[in-house]
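For the sequence shown, this note's numbering assigns the number 866 to the initial residue and increments by one for each residue that follows.
I should point out that these hints are in silico values taken from the structure, not numbers from a laboratory.
Accuracy of the hints is not assured; some may be wrong.
Each pair of labels, with its calculated beta carbon distance range [stated by the list, open to error]:
1. Arg1087 with Arg1008: 40 to 46 Å
2. Lys1088 with Val1004: 37 to 43 Å
3. Ser893 with Asp925: 35 to 41 Å
30 Å max Cα-Cα, derived DSS-like pairs, lysine-lysine [claimed, not checked]:
4. Lys1003 with Lys897
5. Lys1088 with Lys897
6. Lys903 with Lys1088
Glycine residues also receive a C-beta, built at the ideal position from the N, C-alpha and C atoms.
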Amino acid sequence: LRQDGGCAFCKDQRWEFGRAWSYTVYDSVAAKAVRLMKESHCESLTQSIGDLLSQWLMADETFNPLVYDAIVPIPQHWFRRLAQRYNQASTLGERLARVTGLPVRETLLRRGRWTQKQGMKTISERRENLVGAFEVPKVDTVRYRSFLLIDDVMTSGATLQEAARVLRRAGARQVDAVVFARGINASKAPARIQSGDQAAVPLTFGQNTRESPRGDNEALRRKIH
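Whole structure, please, built from the sequences with the hints as guidance.
Below is the structure:
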């Protein structure tokens, strides 16, 4: 991370998506929420978190749902979906659809190849792990359309990057992204982020670098306790 809170890696990266919104940073509260969302019996919690994310995003003056044709959740491999019983990204997308009026297109992007979990991998390993992971079954459902990717967490951005790349190669006009939490190196983060207050969290992706206010972590704490 640079002193201004941006990521030195992200600064020089050519992102396939134009803009990214994040409800909060991946602190201890968000980490617990993400961990719980991955458990099959916690879909109701994911719905509540999806509502928080949706209300926050709709209040952001830079977000305009009218520019998108659909919400696209990051897909799981069928085996992982079977084990977990639901896809938390799809549930978040469904809650966002309720307030935006946008359709959720779960089958537009498919995870055609099993991938190892990204957790302990380096940035380059994450990229390599995801090469060929996603595919568009029907190109005519993508061409000349705009999409909003949604996922629970973004660390290096490799998953969203690969998903956006595949959509763009299939002819998508615009691809943006929204996540519940974004990873940040807390030991090097600006004091305003370390303190856990409601100060702005820099978003450094694409051409539209800006600061967006964090979501309400007190509301999040109440949901997970």
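Hints versus structure:
1. The hinted window of 40 to 46 Å between Arg1087 and Arg1008 holds, with their beta carbons roughly 43 Å apart.
2. Checked against the hint of 37 to 43 Å, the pair Lys1088 and Val1004 passes, with Cβ atoms roughly 39 Å apart.
3. For the pair Ser893 and Asp925, the supplied restraint of 35 to 41 Å is violated, since their beta-carbon distance comes to about 24 Å.
4. Simply put, Lys1003 and Lys897 have alpha-carbon atoms about 37 Å apart, too far for the 30 Å limit, and the pair is violated.
5. Proximity of Lys1088 to Lys897 is assessed by CA-CA distance (about 11 Å); at most 30 Å being required, the pair is judged to hold.
6. The straight-line distance between the Cα atoms of Lys903 and Lys1088 is roughly 15 Å, inside the 30 Å bound, and the hint therefore holds.
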